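Chain by chain, the residues run as shown.
2 protein chains.
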Amino acid sequence: MSRHFNFSAGPAALPEEVLKTAQQEMLDWHGCGLSIMEMSHRSDEFMSVAAQAEQDLRDLMHIPDNYKVLFLQGGATSQFAMVPLNLLRGKTTADYINTGVWSKKAIAEAKRYCDVNVVATTESTQFTSAPTQDELVLNPDAAYVHYTPNETIGGVEFDYIPDTGDVPLVADMSSNILSRPFDVSKFGLIYAGAQKNIGPAGLTVVIVREDLLGDTLAGTPTMYDYAVHAAAGSMNNTPPTLAWYLTGLVFKWLKAQGGVEAMEVANRRKAEKLYQAIADSKFFSNPVVKRNQSWMNVPFILADSNLDSTFIAESEKAGLLNLQGHRSVGGMRASIYNAVNEQAVDALIAFMNEFERTHG
Amino acid sequence: MSRHFNFSAGPAALPEEVLKTAQQEMLDWHGCGLSIMEMSHRSDEFMSVAAQAEQDLRDLMHIPDNYKVLFLQGGATSQFAMVPLNLLRGKTTADYINTGVWSKKAIAEAKRYCDVNVVATTESTQFTSAPTQDELVLNPDAAYVHYTPNETIGGVEFDYIPDTGDVPLVADMSSNILSRPFDVSKFGLIYAGAQKNIGPAGLTVVIVREDLLGDTLAGTPTMYDYAVHAAAGSMNNTPPTLAWYLTGLVFKWLKAQGGVEAMEVANRRKAEKLYQAIADSKFFSNPVVKRNQSWMNVPFILADSNLDSTFIAESEKAGLLNLQGHRSVGGMRASIYNAVNEQAVDALIAFMNEFERTHG
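Heads up: the protein sequence lines correspond to chains A and B, in order. With full-length UniProt numbering applied, the first sequence covers 1 to 360. With full-length UniProt numbering applied, the second sequence covers 1 to 360.
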């Protein structure tokens, strides 16, 4: 067995300690004589795993008591519909900030349920930045304001939390949740697919302010109603127990590392190193304005795109996996989530330097 | 490590061989240097796992080419809405057969989208049987006919596939899929939550005839549109890759056992043994009419319900887990899915006989 450095954008690297624990407990969870995935979600054993995972996330993110934490299925893509279905609450318009591929997907789905007011877009500059607070022309009558704090494909991250006054702020935090502290009280709702910084694919975490629940659009499927899940402790039906358990192990690991505060220090250092190496290079480049360079997803291109396939082939040989950029944009992308340690980033930088020396 | 006999109704027992393979491959899938759950769903490696799982299911169930196989999230409970949203296709009424708790849940959700015509119900006899074909008063103009071939809580299983003429037949096969051969060509749509006979919770399998796709009710969320998933090979967004992989291992295991044809032989033998033991007993009883006694879920009650907690405590001590009945009905229930082998059933019967001898 040999573990490689994994820069996958998602499903992404998980902490090796988490995988080892899951491996050890696979056939017999804590002496119960069965796997965690073979027991009822309503058993005392699983209920304690579920509750502990929620409490650990509350501790890690300092989630206020007036927020519900939901463990759902369907990915962020399901949230693109669930957000308007639940948060319009009689209103007919919502504000959206457009900073790239994932913003656009959220906007397209919301348009099926309400008038979408795009309050700022950086499309004219190929999504190489996020708008500043001053550039947001917000509608005080909007049901909510939606944005994507970190665009996984473009590698564009907001360097601030938008101030939306009394209008609830909604964030697709799929690719930067838990990467650093965020003041949850500034949000009406946060959602995140698990498969980047939380756990395996198949789980979606939703953190929502209680007062926003309970007024869905007519025709909303029961399983798309946050209030139903909140009332049932995310067990209106059988939840994805294995994914929930693994997510709990990741939260425990995060706590042991020193929480999101420690992640902030590590992630800042990892990102700064890698962006500095790119800035110092005459061969690699990243198009994003400095203040919005993502800590989690670092896209970069080679001066000669004919060398892309060579770069991929040689990086794989060197044990650096999944560096190809998203199929929609090409180039390269290194995703350096919490579970990708500094050693991996150092190895990548060394490889890039050597590649530039020999092919540049 | 000591594995016990696990009679959980779901999430339920998985084949030990499957868990062992997953354990072995947990940190390094096939020498790739990362876990299967850490790689992109669009990687060649995962795509091959996904395609193989679909092919194995097609082989096992002899699924005709004009049916799509979808690997979704959200459980059968999400299907309760997805079925009417996709299959009404301009019609306003659907036929439902009511045989218990799960039928009623499906009916309640469908009523939010159409007129539900309950074409037969066994509620007046406390759901201790399924209606016969003669008792079904079908509406030839219904959009579809929905039924629950096996009621997990009541332990009532249909002994035939309803003939619905040209009206598509829809089945919630969550608790008896793969337990024996079913002629898929008789169905318009089959759905099943994975956590009983397929794999871990968090995956839902849908088998749907192609001509029924593509005409959803206005306002249907994109992720509730079967056609979207069919067109994207169930990868419209990130699928639950770990659950899909584990499910593939279960399908491989099933093939190695001799497929659903071999399961039919084994499951018939297991069920007949257990029902015979109950029939022979003066202490245990099962209320279901013989022709509808479920092969998968065997509920039984003790002559003296004061002994219920003693039965549970002593069975657990004997390594027989999760025999308590559903919280809504009480009593006992032994779920004997494919992964629960005959040895487990023998051990249960021996324990029941001994319990009757000492407490009866």
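Honestly, the hints are just simulated from the structure, not real lab data. Do not take every clue at face value.
The list treats identical chains as one, so a pair stands whether inside a single copy or across any two.
[To be verified] Calculated cross-link-like contacts (lysine-lysine; reagent style DSS-like; alpha-carbon spacing at most 30 Å):
#1 252 - 20
#2 282 - 104
#3 91 - 104
#4 20 - 282
#5 111 - 91
#6 282 - 252
#7 91 - 317
#8 255 - 111
#9 91 - 273
#10 273 - 255
#11 105 - 317
Please read all numbers here as calculations on a predicted model, not as lab measurements.
So which of those numbered hints doesn't the model satisfy? 2, 4, 6, 7, 8, 9 and 11
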